[in-house]
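Single-letter residue listing:
Number of protein chains: 2
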Amino acid sequence: MEKVKITAGKLKGFSRLADTEGKFRMLAIDQRGSLQKMLADAIGKDKSAIGYKEIAMAKRLVTQALSPYFSATLMDPEYGVPESLKYLSRHSALLIATEKSGTEPFGYKGREKKTVLLEDWDVEKIKKLGADAVKLLLYYRPDSTPEVKEYQQDIVRFVGEECKKHDILFVLEPMSFAFMDDEPSSDSPQFARKKPEIVISTAREFSKEEYDVDILKLEFPVNLKFVQEFHKGTFDEKEREEVYSIKDAESACREITKVSRVPWVILSAGVDIEEFVYNVEIASNNGASGFLAGRAVWKEFTKHFPIEEDMLAWLLTSGVENYRQIYEASKKATPYYEHNFFKNFPNIEVADRGENWYREY
Amino acid sequence: MEKVKITAGKLKGFSRLADTEGKFRMLAIDQRGSLQKMLADAIGKDKSAIGYKEIAMAKRLVTQALSPYFSATLMDPEYGVPESLKYLSRHSALLIATEKSGTEPFGYKGREKKTVLLEDWDVEKIKKLGADAVKLLLYYRPDSTPEVKEYQQDIVRFVGEECKKHDILFVLEPMSFAFMDDEPSSDSPQFARKKPEIVISTAREFSKEEYDVDILKLEFPVNLKFVQEFHKGTFDEKEREEVYSIKDAESACREITKVSRVPWVILSAGVDIEEFVYNVEIASNNGASGFLAGRAVWKEFTKHFPIEEDMLAWLLTSGVENYRQIYEASKKATPYYEHNFFKNFPNIEVADRGENWYREY
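Chains as they are written, first to last, in the working numbering: chain A, -13 to 347; chain B, -13 to 347.
Mixed in with the good hints there might be a few duds.
[To be verified] With a straight-line cut-off of 30 Å between C-alpha atoms, the simulated DSSO-like cross-links for lysine-lysine are: (1) B:Lys135 with B:Lys151; (2) A:Lys194 with A:Lys(-11); (3) A:Lys180 with A:Lys100; (4) A:Lys(-11) with B:Lys150; (5) A:Lys39 with B:Lys224; (6) A:Lys114 with B:Lys329; (7) B:Lys150 with B:Lys86; (8) A:Lys86 with B:Lys151; (9) B:Lys(-11) with A:Lys114; (10) B:Lys224 with B:Lys289; (11) B:Lys114 with A:Lys86; (12) A:Lys86 with B:Lys(-9); (13) B:Lys151 with A:Lys151; (14) A:Lys33 with A:Lys23; (15) A:Lys23 with A:Lys150; (16) B:Lys329 with A:Lys329; (17) A:Lys194 with A:Lys(-9); (18) B:Lys39 with A:Lys114; (19) A:Lys194 with A:Lys317; (20) A:Lys151 with B:Lys114; (21) B:Lys289 with B:Lys23; (22) A:Lys289 with A:Lys39; (23) B:Lys289 with B:Lys39; (24) A:Lys150 with B:Lys151; (25) A:Lys114 with B:Lys289; (26) B:Lys(-9) with A:Lys114; (27) A:Lys(-11) with A:Lys180; (28) B:Lys86 with B:Lys(-9); (29) B:Lys86 with A:Lys150; (30) A:Lys114 with A:Lys100; (31) A:Lys39 with B:Lys150; (32) A:Lys(-9) with A:Lys114; (33) B:Lys39 with A:Lys(-9); (34) A:Lys(-9) with B:Lys218; (35) A:Lys114 with B:Lys114; (36) B:Lys329 with A:Lys39; (37) B:Lys150 with A:Lys114; (38) B:Lys(-11) with A:Lys39; (39) A:Lys317 with A:Lys329; (40) A:Lys114 with A:Lys151.
Treat the hints as calculated values from the structure; they're not laboratory data.
Just chain A, with the same shape it has in the complex:
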């Protein structure tokens, strides 16, 4: 079998991000705007009541309490690195976000979304601080207006090139959203019906080699709140239309696995832990290589804001319990080196290995 050649920096990144089983059990604490809102809600105030210090403190607590459990931790450079880096467990690899929090209105009736890279921040700096991977959150619809698609694809290409230049892993997180006239919201049956095709087609697009993506961080391809088994309000006591079944979720995950050139992981996008455990289990049983979990794991701790002690206590008990649940749910995840991209561990080798490697690197 022909060997899969991979550059030293990218190989190092894969082995750091995954745990010793080759599975990605990763934590996201790079939320900015959404975390600010949660903290504000906890004290019944407006976002503006929550400043730098409060956000940084919340992130620090999550990093201290939970990073030792996860194979990698995703931080932002605004609050995360300067205030939490020293509390990152040495066993947890480090991913850093490259985009600005939030989006700008764009395209059709201003309802589409433009991703903006964080100013005065770049892949070179991410590499310099010793991170193992770069993460880009990209709002994306394969059925967007052409100008929007082109703009968003260009950003991915740009970040992909930079990551290649600095030999660091590139984790792309495409995120869908509702914007068409026939989609009242992302929590509508109309949007739920489109979601599998959106996620699959997005995975196919960014599997093209020209983007140089190394890991896809994907949404769960169906909205479980609309499946036969759960549509009567299992997760949030709100009844919804029955749009599909769990079998549809399974086959959508298998389809993602088929079209993804590189290993993929599931993201949590703010759903509750009960729902996320199903997401992780179905995805892991159908080809995903693990998860990159954010709010689903820790969001409830914000309810204890501003009492630091209570916030930490929640994280060290319920937060850790949430970790254990998704860890269990990901037992059958595909090790990254068994993904079709690598085939198996013995098949991997450093590109241009041999006596002259160091001269040519």
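Fit chain B to the supplied structure of chain A, relying on the hints for placement.
This is chain B only, laid out in the frame that chain A set:
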């Protein structure tokens, strides 16, 4: 107390290189010339009988068998990275050598030694491949001829600047040698008498801020084969003059701790494991922050060359046992963050932390 400010990349490096106790339990497998000779000796042949493949194989076995035990592994870029990187445990941080193997004759009667940086290799490449630290082996005598000292110091300054630029840890390994007319060899009582002062004075020199060294990898400051307790041949059945006592070794280590601006670790320099365990214990009990151990841990496995299976079996049994012994011997090592440089963990913070950190980094 005033905080100690440290850049993000250097902070990340410290926390990766040390284990969760803050102690450096590190493995060196960057030997090139000396490993080649050991393999040749094992089959009773000349060095020229041992090629790239054989050296790379030996290094790969050590990395596979032992890197999971050590908090960090030191590799070379010629054989190590291209052939062993994929086998490095994700729990073991990575240090990379920057110098060429061997030295060039220099200075007094051509008996002094010039360190040469490896051609077509540099700190930028070390950073690019995802390493956590740069290591420079430097032959050095504080009582060298001035031209030699200046040349060697310039190399350290150069590497220090590069490491600062790329925000990566700099581990300096100064190594003494005999060259004066009154020093028949490094295994002579004359040289043994001078050794404590050489090692202490070298640690003092490279503690100057201008060199930007982050960790000193030092020789044990006395030759234990000449101490009262062991001089009758304890380690190699060869009787030697009594030059000093274990108390002298202890006070020399305390003196190193006093003059070292940064944390220091002990190196093994090819002594047998029995002697090295004493080195590690005495150093750790007197201020060292751990060890960076090479041949003392694994050298005997070369005797089984070229039978790969036997080499691996030795490493997984005796090699691991050697690790356990030096781990035990380093129980009282000083966590890096308790070294005088940091004072304690709460005292450390990222330089320029705050809202504008990411802009200015």
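Structure-based check of all given hints:
{"no.": "1", "hint": "B:Lys135 with B:Lys151", "verdict": "holds (24 Å)"}
{"no.": "2", "hint": "A:Lys194 with A:Lys(-11)", "verdict": "holds (20 Å)"}
{"no.": "3", "hint": "A:Lys180 with A:Lys100", "verdict": "holds (21 Å)"}
{"no.": "4", "hint": "A:Lys(-11) with B:Lys150", "verdict": "violated (37 Å)"}
{"no.": "5", "hint": "A:Lys39 with B:Lys224", "verdict": "violated (65 Å)"}
{"no.": "6", "hint": "A:Lys114 with B:Lys329", "verdict": "holds (26 Å)"}
{"no.": "7", "hint": "B:Lys150 with B:Lys86", "verdict": "holds (21 Å)"}
{"no.": "8", "hint": "A:Lys86 with B:Lys151", "verdict": "holds (26 Å)"}
{"no.": "9", "hint": "B:Lys(-11) with A:Lys114", "verdict": "holds (23 Å)"}
{"no.": "10", "hint": "B:Lys224 with B:Lys289", "verdict": "holds (22 Å)"}
{"no.": "11", "hint": "B:Lys114 with A:Lys86", "verdict": "holds (25 Å)"}
{"no.": "12", "hint": "A:Lys86 with B:Lys(-9)", "verdict": "holds (27 Å)"}
{"no.": "13", "hint": "B:Lys151 with A:Lys151", "verdict": "holds (18 Å)"}
{"no.": "14", "hint": "A:Lys33 with A:Lys23", "verdict": "holds (5 Å)"}
{"no.": "15", "hint": "A:Lys23 with A:Lys150", "verdict": "violated (35 Å)"}
{"no.": "16", "hint": "B:Lys329 with A:Lys329", "verdict": "violated (49 Å)"}
{"no.": "17", "hint": "A:Lys194 with A:Lys(-9)", "verdict": "holds (17 Å)"}
{"no.": "18", "hint": "B:Lys39 with A:Lys114", "verdict": "violated (33 Å)"}
{"no.": "19", "hint": "A:Lys194 with A:Lys317", "verdict": "holds (29 Å)"}
{"no.": "20", "hint": "A:Lys151 with B:Lys114", "verdict": "holds (9 Å)"}
{"no.": "21", "hint": "B:Lys289 with B:Lys23", "verdict": "holds (11 Å)"}
{"no.": "22", "hint": "A:Lys289 with A:Lys39", "verdict": "holds (17 Å)"}
{"no.": "23", "hint": "B:Lys289 with B:Lys39", "verdict": "holds (17 Å)"}
{"no.": "24", "hint": "A:Lys150 with B:Lys151", "verdict": "holds (20 Å)"}
{"no.": "25", "hint": "A:Lys114 with B:Lys289", "verdict": "violated (41 Å)"}
{"no.": "26", "hint": "B:Lys(-9) with A:Lys114", "verdict": "holds (17 Å)"}
{"no.": "27", "hint": "A:Lys(-11) with A:Lys180", "verdict": "violated (38 Å)"}
{"no.": "28", "hint": "B:Lys86 with B:Lys(-9)", "verdict": "violated (33 Å)"}
{"no.": "29", "hint": "B:Lys86 with A:Lys150", "verdict": "holds (28 Å)"}
{"no.": "30", "hint": "A:Lys114 with A:Lys100", "verdict": "holds (27 Å)"}
{"no.": "31", "hint": "A:Lys39 with B:Lys150", "verdict": "holds (29 Å)"}
{"no.": "32", "hint": "A:Lys(-9) with A:Lys114", "verdict": "holds (25 Å)"}
{"no.": "33", "hint": "B:Lys39 with A:Lys(-9)", "verdict": "holds (19 Å)"}
{"no.": "34", "hint": "A:Lys(-9) with B:Lys218", "verdict": "violated (55 Å)"}
{"no.": "35", "hint": "A:Lys114 with B:Lys114", "verdict": "holds (9 Å)"}
{"no.": "36", "hint": "B:Lys329 with A:Lys39", "verdict": "holds (25 Å)"}
{"no.": "37", "hint": "B:Lys150 with A:Lys114", "verdict": "holds (10 Å)"}
{"no.": "38", "hint": "B:Lys(-11) with A:Lys39", "verdict": "holds (18 Å)"}
{"no.": "39", "hint": "A:Lys317 with A:Lys329", "verdict": "holds (19 Å)"}
{"no.": "40", "hint": "A:Lys114 with A:Lys151", "verdict": "holds (13 Å)"}
Hints 4, 5, 15, 16, 18, 25, 27, 28 and 34 from the earlier list are contradicted by this structure; the remaining hints agree with it.
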